[in-house]
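2 protein chains.
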Amino acid sequence: MNNTAYEQLTGIWTRLHHFQHLQSIAGWDQAAMMPSKGSTARANAMAEMEGLLHRMRTDPKLAELLRRAAGEDIDPFARANLGEIRREWLSANALPQALVEKLSLAGARCEHAWRAQRPANDWASFLANFREVLKLGREVAQRLADETGLAPYDALMDQYEPGTTSAEVDRVFVDLQQWLPGLVAQVRERQARDAVIDAVGPFPKATQRALSLDVMTLLGFDFDGGRLDESAHPFSGGVPEDTRLTTRYREDDLMQSLMGTIHETGHARYEQNLPRVWLGQPVAQARSMGIHESQSLAFEMQLGRGRAFAGLLAPLLRRHFGDQPAFEPGNLHRLMTRVVPGFVRVDADELTYPAHVILRYGIEKQLIAGSIEADDIPALWDEGMQSLLGIDTRGNYRDGCLQDVHWTHGAFGYFPCYTLGAMYAAQWFAAIRRLHPDLDARIARGDLAPAFDWLREHIWLQGSRWSTAELATRASGETLNPQHLRRHLEARYLG
Amino acid sequence: MNNTAYEQLTGIWTRLHHFQHLQSIAGWDQAAMMPSKGSTARANAMAEMEGLLHRMRTDPKLAELLRRAAGEDIDPFARANLGEIRREWLSANALPQALVEKLSLAGARCEHAWRAQRPANDWASFLANFREVLKLGREVAQRLADETGLAPYDALMDQYEPGTTSAEVDRVFVDLQQWLPGLVAQVRERQARDAVIDAVGPFPKATQRALSLDVMTLLGFDFDGGRLDESAHPFSGGVPEDTRLTTRYREDDLMQSLMGTIHETGHARYEQNLPRVWLGQPVAQARSMGIHESQSLAFEMQLGRGRAFAGLLAPLLRRHFGDQPAFEPGNLHRLMTRVVPGFVRVDADELTYPAHVILRYGIEKQLIAGSIEADDIPALWDEGMQSLLGIDTRGNYRDGCLQDVHWTHGAFGYFPCYTLGAMYAAQWFAAIRRLHPDLDARIARGDLAPAFDWLREHIWLQGSRWSTAELATRASGETLNPQHLRRHLEARYLG
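Just so you know, the sequences run in chain order D and H.
So that you can map any letter, position 404 of the first sequence is 404 in my numbering, and since no number is skipped, the others follow by simple counting.
So that you can map any letter, position 48 of the second sequence is 1048 in my numbering, and since no number is skipped, the others follow by simple counting.
One should not assume that every hint holds.
[To be verified] With a straight-line Cα cutoff of 25 Å, these simulated PhoX-like cross-link-like pairs (lysine-lysine) come out:
id, chain 1, residue 1, chain 2, residue 2
1, H, K1205, D, K205
2, D, K135, D, K102
3, H, K1061, D, K61
4, H, K1061, H, K1037
[Unchecked claim] Cβ-Cβ distance ranges computed for the label pairs, FRET-style:
id, chain 1, residue 1, chain 2, residue 2, range
5, H, Q1366, D, D222, 31 to 41 Å
6, H, R1067, D, D122, 22 to 32 Å
7, H, A1043, D, E373, 20 to 30 Å
8, H, R1067, D, R248, 26 to 36 Å
9, H, H1054, D, V405, 33 to 43 Å
10, D, D222, H, E1457, 48 to 58 Å
[Claimed, not checked] Only some residues are given here: those of chain D computed to face chain H with a beta carbon under 7 Å:
id, residue
11, H18
12, A26
13, K37
14, L95
It should be emphasised that the hints constitute simulated quantities derived from the structure, not laboratory data.
Ideal Cβ positions, reconstructed from N, Cα and C, are used throughout, including at glycine.
Bound conformation, chain D alone:
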């Protein structure tokens, strides 16, 4: 081969991209289309592909290619790409295959049993499986730490949010924790005086779907490059060239699929607008899970639950469900911003959501550090929920520490991304408002271009060219600054 080492690497990563395309579409199909009897065959096929992808990423010749490519004269974009290739390579090679398989097995067992244990409120049985998952999770963290030079928990978080350490998360979460409970209390008191009218159902699935399609169109989703379907757990999947978004419909609750669709459309537009010329290379991928979440939350929270946007939603709701008092824009906005502290993270409102994340972050950080054990979780959970949201979770494992899927299969270090995303989203919109002081007036007129153009230019088209810190600085003039979230929440909920 006459190609440079860098060219050989991009060739291999293009092949990986092609195979991942098939894997991704098969995964979407599994969740959105596949009938039950296809599941074993699908699991076998996808495991085979996972094995092939792993063999390709751990091919011993890659080390030498990476070494040689580092010395080659390549342009800055290629340099960034090489950095991302190296990061993927490190991550794939950091763990012994036996450990990966043990965690995968123990995680699958724990998650599978959890699906029955959660409704049964059976913490004791869960604990028996989870202890093994935690043990392996700690081992993974230590291995990743050895490879990266990061602290064990930071090394886990680095898989999802590269470059962000727990020191930084601590900094912004400690700040948040200081003002959030007070703000929640203040807003609750204030909202107690509000009369809010609920929409009257039932809301037939087909009509909700038609509404979702209209809302996605309003939000600029490209239906020539993606689809909307249904799945038990909504997600944005597929590939950048063909984004597969799912939602779920409850016929007694209109808002769940509506807000879910707006959220997933944010993820989808990021994917649909990644830099096309580098497609197939890691540099053309989304920057991180936190930045991804900053797009879904920019759509759902910053834009979607805003007062101006309620004026755009109202006529769509009336078109599909008739003229109801609930659809009056002011009322609709109150519906979308109602603050009710509750047990369950995925049902939480914009204001109380970060409390759920702070709680989980604190616990999982200590779990990985070894300063607490799995047995200590329920007591810490209750203590956290009491102090953050004034909620008593004693004995309620189902809607307490058994509610999330993440830990069941050993995904530690992911939770912070949700709230980092909320903070970045607020930071992006603060930047957009500086540029367009008339932003709300324009949104009210149906002109969403200022927001979308800014996101496209500063986030979407940047792919993974910059580190998260540099991306944030180039986009908004500063690295992560939690004050934007605070100002946004105070303006929206106390303004």
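Got chain D; can you put chain H on it based on the hints?
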């Protein structure tokens, strides 16, 4: 490795099965789900997988494994499996990669241009591309002939209908050709006296889909192991564990999707009932394209267009489209058996369809033999349509020799399978009737078990354990016998 050579081969074929699963689902998605902008990425991903499958099937170590496995002591089922593995291996290794790529390229070019040339009736432009496809097709035929020891055209046909030679096709088609035109004329004269009432549309897509689902349920389709969706060209795809069936709906024509769905359900039930214990191995695959077509035609022609089945369809049609005079069972049967010689194969009725196949078979056999050239096709086409169906196709390339996709990408040797399938389907139903003289009475009562049980036991569960000739003999006591089709057609159309 301590495994026997045979075990190693089955391991490799299981891996192929897993990868083909992803390829198959991606192919279904491409036709039924994918938005337009996904097409380049999908084509690249599937080409990458095609390359991987090809490398696996042409791995030089397979020759040695096959040689060693031939000498190992294995049971008869494994022996049959080894035979099928060898057949796939031979077929993958018979052609030089450069030739495969040249044909694939020339075929793609010719097919792509044909999509515009057909509506434009532009034979001259088509010819320019097609000459190259034919040249490469002949080269492929010669290579396959060298490898298999068969005649060139037989070697092509062997890819789709292994073990069946053109000598045998000649035998049954010559017979058919002698009585078919007379029978068509007789039936036409007889039907001229019939009053037939058409169903009155429009027939909304969603209602047609609901009807299709009911009909599939009646026909025993397992919805836990498959789906029904829409595509431009209906097909039965997916994998045996998860059969993906498609249809298309015309709102002005109810019968097209109805009969299409019945047809594809026959293909699908074959796949859904292949032997599960050997799944993933070639011996558990469908026997051949002709046998596959014998299942779709058993459903569509033998069962679906029969008088007794019309009595089962009538209440379903009334349920979905109201009580129309057209849905009276006698009229419905007349609608489904109306004989109208026409230009287009895919629109042809049961009786005239074989004439379209005989025509194409005769022409493609001579094309491969080199006794005619591409330029000769239109004249031969017109001559054949005149003598077989009394139709003048001069100057009408669009609905004449430009109507099929097969030749455009070099698929020569496939056409006979359609009519071999019709003959086998008649042969199976003759066997079923011998066993169940009351078959029609039972169908009329909604009892389809005699037909389905026989097909399951004699065809579906046999997979590829036997050659086609042996499968037919074991199932029906004789090899291919065209008299069953003749008797069936005479009984249905003159009885």
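Hint check results:
| no. | hint | result |
| --- | --- | --- |
| 1 | H/K1205 x D/K205 | holds, 18 Å |
| 2 | D/K135 x D/K102 | holds, 11 Å |
| 3 | H/K1061 x D/K61 | holds, 23 Å |
| 4 | H/K1061 x H/K1037 | violated, 40 Å |
| 5 | H/Q1366 x D/D222: 31 to 41 Å | violated, 50 Å |
| 6 | H/R1067 x D/D122: 22 to 32 Å | violated, 57 Å |
| 7 | H/A1043 x D/E373: 20 to 30 Å | violated, 52 Å |
| 8 | H/R1067 x D/R248: 26 to 36 Å | violated, 55 Å |
| 9 | H/H1054 x D/V405: 33 to 43 Å | holds, 39 Å |
| 10 | D/D222 x H/E1457: 48 to 58 Å | holds, 51 Å |
| 11 | H18 | holds, 4 Å |
| 12 | A26 | holds, 5 Å |
| 13 | K37 | holds, 4 Å |
| 14 | L95 | violated, 23 Å |
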